[in-house]
Amino acid sequence: MSEMSREQLLAVVRSVYDDHDPAPSGLVSRMQGVARAAAADLGFDMDVELMTLLEQSSTLAGTRSTEAATRSVYTLRFVHGQIDLLLRVAPDGDSSRIDGWVVPPEPITVRVLHDNGSVHGALVSDSGRFDIPDVPLGLVRLRLEPHDDRPPFVTPSFEI
Amino acid sequence: MSSTTITERGEAGHAPGDVWAQSADAFDRWVAGDPSALDDLVRVMSPVLWHVVRAYRLDAEAAEDVIQTTWLAFVRRSSAILDTAAVGGWLTMTARREAWRVAKATNRSTPTEADELAPHLPRQRSSEAVVVEADSRTRLWDAVDGLPDRCRRLLRVVAFENRPDYASLASDLGMPIGSIGPTRGRCLAKLRVALIEAGEL
Numbered sequence: 001m002s003e004m005s006r007e008q009l010l011a012v013v014r015s016v017y018d019d020h021d022p023a024p025s026g027l028v029s030r031m032q033g034v035a036r037a038a039a040a041d042l043g044f045d046m047d048v049e050l051m052t053l054l055e056q057s058s059t060l061a062g063t064r065s066t067e068a069a070t071r072s073v074y075t076l077r078f079v080h081g082q083i084d085l086l087l088r089v090a091p092d093g094d095s096s097r098i099d100g101w102v103v104p105p106e107p108i109t110v111r112v113l114h115d116n117g118s119v120h121g122a123l124v125s126d127s128g129r130f131d132i133p134d135v136p137l138g139l140v141r142l143r144l145e146p147h148d149d150r151p152p153f154v155t156p157s158f159e160i
Numbered sequence: 001m002s003s004t005t006i007t008e009r010g011e012a013g014h015a016p017g018d019v020w021a022q023s024a025d026a027f028d029r030w031v032a033g034d035p036s037a038l039d040d041l042v043r044v045m046s047p048v049l050w051h052v053v054r055a056y057r058l059d060a061e062a063a064e065d066v067i068q069t070t071w072l073a074f075v076r077r078s079s080a081i082l083d084t085a086a087v088g089g090w091l092t093m094t095a096r097r098e099a100w101r102v103a104k105a106t107n108r109s110t111p112t113e114a115d116e117l118a119p120h121l122p123r124q125r126s127s128e129a130v131v132v133e134a135d136s137r138t139r140l141w142d143a144v145d146g147l148p149d150r151c152r153r154l155l156r157v158v159a160f161e162n163r164p165d166y167a168s169l170a171s172d173l174g175m176p177i178g179s180i181g182p183t184r185g186r187c188l189a190k191l192r193v194a195l196i197e198a199g200e201l
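Protein chains in written order, with full-length UniProt numbering: chain A, 1 to 160; chain B, 1 to 201.
Among the hints, a few may not be true.
Cβ-Cβ distance ranges computed for the label pairs, FRET-style [stated by the list, open to error]:
1) A:Val48 to B:Thr106: 58 to 66 Å
2) B:Gly185 to A:Pro105: 56 to 64 Å
3) A:Asp41 to B:Ala105: 33 to 41 Å
4) B:Thr106 to A:Pro22: 22 to 30 Å
5) A:Thr75 to B:Gly174: 37 to 45 Å
6) A:Gly26 to B:Thr106: 44 to 52 Å
7) A:Asp115 to B:Ala85: 15 to 23 Å
8) A:Arg88 to B:Ala85: 33 to 41 Å
Just some of the chain B residues that point at chain A, by a computed CB distance under 8 Å [what the hints assert, rightly or not]:
9) Val31
10) Gly33
11) Gln68
12) Leu72
13) Val102
14) Leu155
15) Asn162
16) Leu173
17) Met175
18) Ile177
Hints listed in this document are in silico derivations from the structure and should not be mistaken for laboratory results. Built from N, CA and C at the ideal position, the CB exists for glycine as well.
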């Protein structure tokens, strides 16, 4: 007779409630309808708007003699409506670091959408700054989610 | 009778780790522009939210309203979730806060301390249930259902949530924050004893 672990006991609790008071049939499809309709209200179901790349420049070609030598610091500038987004991408060990500025500053959540499926988020500060360290090398897009009801918009893909 | 039975039954309830990983993956895909990922997130998390919300003694209709409010809040405020891996915890927390608010607003009489801690008698069984009394599932249910009210609520939340936040649990259940850990331990011990008495361990 083995002592049941805490996890096993909690698994018993889960299984008896799944048996005796399961989520009603139809709950999932009703909630999917609710969520989809709410997303559509906010324009999330439309094709997401793309920011325009205005400038791209390499500011410090070839930093020192490390393996990062072949990677350089560069800047990108995107615009969308009234929003100006400036990015500085710098080598950071085996990965990259993104420093960004949003002009004019406003509450926005920025997510790095990596080609490998990973997502890294950051919040734009009162002064319009944000930083996202440790972004793996590869193709990325940035998604900007304003905190009012405007739908999110994304940058075109770029290599880091 | 066994611990084999228990283990098999236990695994029938989904492993919680899968739920959190699947919900994080669905959220990642949704923000990356896959609209169908929202359906996946809702499919994975709605049953979890059901169990967490029902621990607040809401009837089925009120529980579903709370879950609906939670999904509306999620779609409107998903930008607040910076770490996409935390989406499951954000959803259960939001659902619990709403369930607590609704339960409080319905102004139901709160059981006294003594009521809460008294073992509660198994609910009357239907004749059909009596027939299958030998069934191990019934005995497992009786063991859980016979726990004191506070234990049943606490264990249901803890079982379905991913590392629930003790401060909010304490205020929801009307317990001092420092007592959540020890109470959870005592409730699990009571459950272990009940399972042994039922011959399930």
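Now the hints, each set against the structure:
| no. | hint | result |
| --- | --- | --- |
| 1 | A:Val48 to B:Thr106: 58 to 66 Å | 41 Å, violated |
| 2 | B:Gly185 to A:Pro105: 56 to 64 Å | 48 Å, violated |
| 3 | A:Asp41 to B:Ala105: 33 to 41 Å | 26 Å, violated |
| 4 | B:Thr106 to A:Pro22: 22 to 30 Å | 23 Å, holds |
| 5 | A:Thr75 to B:Gly174: 37 to 45 Å | 55 Å, violated |
| 6 | A:Gly26 to B:Thr106: 44 to 52 Å | 24 Å, violated |
| 7 | A:Asp115 to B:Ala85: 15 to 23 Å | 19 Å, holds |
| 8 | A:Arg88 to B:Ala85: 33 to 41 Å | 26 Å, violated |
| 9 | Val31 | 6 Å, holds |
| 10 | Gly33 | 6 Å, holds |
| 11 | Gln68 | 5 Å, holds |
| 12 | Leu72 | 5 Å, holds |
| 13 | Val102 | 17 Å, violated |
| 14 | Leu155 | 5 Å, holds |
| 15 | Asn162 | 12 Å, violated |
| 16 | Leu173 | 16 Å, violated |
| 17 | Met175 | 18 Å, violated |
| 18 | Ile177 | 20 Å, violated |
Violated hints for the displayed structure, listed by number in ascending order: 1, 2, 3, 5, 6, 8, 13, 15, 16, 17 and 18.
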